[in-house]
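Protein chains: 2
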Amino acid sequence: MATAENEYTLDSVRKALVREEDTIVFGLIERAKFPFNFHTYDQNYLQTPDFRGSLVEFVVQNTEIVQAKAGRYENPEENPFFPENLQSSLVPSYPFTKILHSGAASININKSLWKIYFDDLLPLFVASGDDGNYAQTAASDLSLLQAISKRVHYGKFVAEVKFRESPQDYEPLIRAKDREGLMKLLTFKSVEEMVKKRVEKKATLFGQEISLDSNDDSKEKQRFDPSVASKLYEKWVIPLTKEVQVDYLLRRLD
Amino acid sequence: MATAENEYTLDSVRKALVREEDTIVFGLIERAKFPFNFHTYDQNYLQTPDFRGSLVEFVVQNTEIVQAKAGRYENPEENPFFPENLQSSLVPSYPFTKILHSGAASININKSLWKIYFDDLLPLFVASGDDGNYAQTAASDLSLLQAISKRVHYGKFVAEVKFRESPQDYEPLIRAKDREGLMKLLTFKSVEEMVKKRVEKKATLFGQEISLDSNDDSKEKQRFDPSVASKLYEKWVIPLTKEVQVDYLLRRLD
Numbered sequence: 001m002a003t004a005e006n007e008y009t010l011d012s013v014r015k016a017l018v019r020e021e022d023t024i025v026f027g028l029i030e031r032a033k034f035p036f037n038f039h040t041y042d043q044n045y046l047q048t049p050d051f052r053g054s055l056v057e058f059v060v061q062n063t064e065i066v067q068a069k070a071g072r073y074e075n076p077e078e079n080p081f082f083p084e085n086l087q088s089s090l091v092p093s094y095p096f097t098k099i100l101h102s103g104a105a106s107i108n109i110n111k112s113l114w115k116i117y118f119d120d121l122l123p124l125f126v127a128s129g130d131d132g133n134y135a136q137t138a139a140s141d142l143s144l145l146q147a148i149s150k151r152v153h154y155g156k157f158v159a160e161v162k163f164r165e166s167p168q169d170y171e172p173l174i175r176a177k178d179r180e181g182l183m184k185l186l187t188f189k190s191v192e193e194m195v196k197k198r199v200e201k202k203a204t205l206f207g208q209e210i211s212l213d214s215n216d217d218s219k220e221k222q223r224f225d226p227s228v229a230s231k232l233y234e235k236w237v238i239p240l241t242k243e244v245q246v247d248y249l250l251r252r253l254d
Numbered sequence: 001m002a003t004a005e006n007e008y009t010l011d012s013v014r015k016a017l018v019r020e021e022d023t024i025v026f027g028l029i030e031r032a033k034f035p036f037n038f039h040t041y042d043q044n045y046l047q048t049p050d051f052r053g054s055l056v057e058f059v060v061q062n063t064e065i066v067q068a069k070a071g072r073y074e075n076p077e078e079n080p081f082f083p084e085n086l087q088s089s090l091v092p093s094y095p096f097t098k099i100l101h102s103g104a105a106s107i108n109i110n111k112s113l114w115k116i117y118f119d120d121l122l123p124l125f126v127a128s129g130d131d132g133n134y135a136q137t138a139a140s141d142l143s144l145l146q147a148i149s150k151r152v153h154y155g156k157f158v159a160e161v162k163f164r165e166s167p168q169d170y171e172p173l174i175r176a177k178d179r180e181g182l183m184k185l186l187t188f189k190s191v192e193e194m195v196k197k198r199v200e201k202k203a204t205l206f207g208q209e210i211s212l213d214s215n216d217d218s219k220e221k222q223r224f225d226p227s228v229a230s231k232l233y234e235k236w237v238i239p240l241t242k243e244v245q246v247d248y249l250l251r252r253l254d
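Taken in order, these protein sequences are the chains called W and V. Positions 1 to 254 (full-length UniProt numbering) are the ones given, in order, by the first sequence. Positions 1 to 254 (full-length UniProt numbering) are the ones given, in order, by the second sequence.
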């Protein structure tokens, strides 16, 4: 498994992106279990002199500290939301395959993702209300944020693999710092349409209330509006992944 | 939403158990993303003088500390795996509906669940191998453990609601400390069979590789063996939930 996981080819990268769709859809459905729970995001709710910020910031920052000590961010596929707080890993280092250019380490668009997640995405699919489960809400926000972040930053691997396949197409655009040209070269509208449709299909299947009575599950009641999943991909996941790809390629020849 | 979440009736309790099935199935599929990753469970892997134990113990204990401060265990539906380490909540208290007898607080079978999870359940469905993602593996173990623990300890609410419906059936057995009689009264074989079938159906649907090519998703390749989900319910989730119910009822008249 170690080799399978750590080899990066066009095919393995594609499979990882497809698998991550399931994780993101599960995460959406799990977050939707809870109502909005405003106090999770309230800057004045947490009562401690040791921390300034909202409950979700408290949970994400402190959980990231635990996971960093356990070695999570040693894997170049992972990017923290609060890199400024982290301590080093306490576990022996693992030989993760290093295929990325060293410039990759400085690419982290989690600050933008954080803003989009709370300002734009959450209000799209979370019911209003308050059930008091703020810690659980914050934990499910973290899981979903991590899943989306992993997908978006996988753009580094996508870009590296594409670059290796046809450096002659990329090099002139990189040297000319032609963001627009690179974006065009990376964009396949028909693939993007297919991804959006597949994600919506997954959200339809995974978000239905399954019962034993019916033979036709597609008619069953939905726990989750599947169009939210395709909108998430259309408006944010696909564009941000391409942004990461372009950012990576622009550093690729440094 | 606050009232809906916090009212306990036979119907609301049943709905919560059905919804928790999805969370457990998602958790199984997500854990199966990673190979076994032995070092996650190795008592000698973590290199720090500050902690003795495996990486998964480190991640679970420290994440529970964070979540406890964020108020997770104020909700009587939640039970920690390492209650001995927790600090109090830093958030204002929320008026969770208190329907349980005070004896409920002392019922926590997470130590048994922990042992079953690592000794019996994991080897059933996780591929052998090592991909270095130990922190992520431990985090997904924690999510799944929390989901199963929540289901099993929901037995307290199941028992309370059943007791209130027909105290005359339960009181003589409780006074006689008749575990076997209580277990019999709580057991509905046909319901258990239905639950197992529904869980297996969920695991089949949620664990398939969804593509846009096929119209018949039931024929698609499975990422996850759905019989593991029904076995989990048959061998552990259903019996442990009943054990919690009986433990609760035996304290109900104290």
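Treat the hints with caution; some may be incorrect.
Because identical chains share one entry, a pair is satisfied inside a single copy or across any pair of copies.
[Claimed, not checked] Listed below are the simulated DSBU-like cross-link pairs for lysine-lysine, each with C-alpha atoms no more than 35 Å apart in a straight line:
1) Lys221 <-> Lys33
2) Lys177 <-> Lys221
3) Lys33 <-> Lys177
4) Lys201 <-> Lys177
5) Lys235 <-> Lys189
6) Lys184 <-> Lys196
7) Lys33 <-> Lys196
8) Lys115 <-> Lys184
9) Lys201 <-> Lys221
10) Lys150 <-> Lys231
Source of the hints: derived by calculation from the structure; they are not laboratory data.
Hints, one by one, checked against the model:
| no. | hint | in the structure |
| --- | --- | --- |
| 1 | Lys221 <-> Lys33 | both (15 Å within a copy, 28 Å between copies) |
| 2 | Lys177 <-> Lys221 | neither (50 Å within a copy, 43 Å between copies) |
| 3 | Lys33 <-> Lys177 | neither (45 Å within a copy, 38 Å between copies) |
| 4 | Lys201 <-> Lys177 | neither (38 Å within a copy, 52 Å between copies) |
| 5 | Lys235 <-> Lys189 | within (14 Å within a copy, 49 Å between copies) |
| 6 | Lys184 <-> Lys196 | within (19 Å within a copy, 50 Å between copies) |
| 7 | Lys33 <-> Lys196 | both (23 Å within a copy, 22 Å between copies) |
| 8 | Lys115 <-> Lys184 | within (26 Å within a copy, 53 Å between copies) |
| 9 | Lys201 <-> Lys221 | both (15 Å within a copy, 16 Å between copies) |
| 10 | Lys150 <-> Lys231 | both (18 Å within a copy, 32 Å between copies) |
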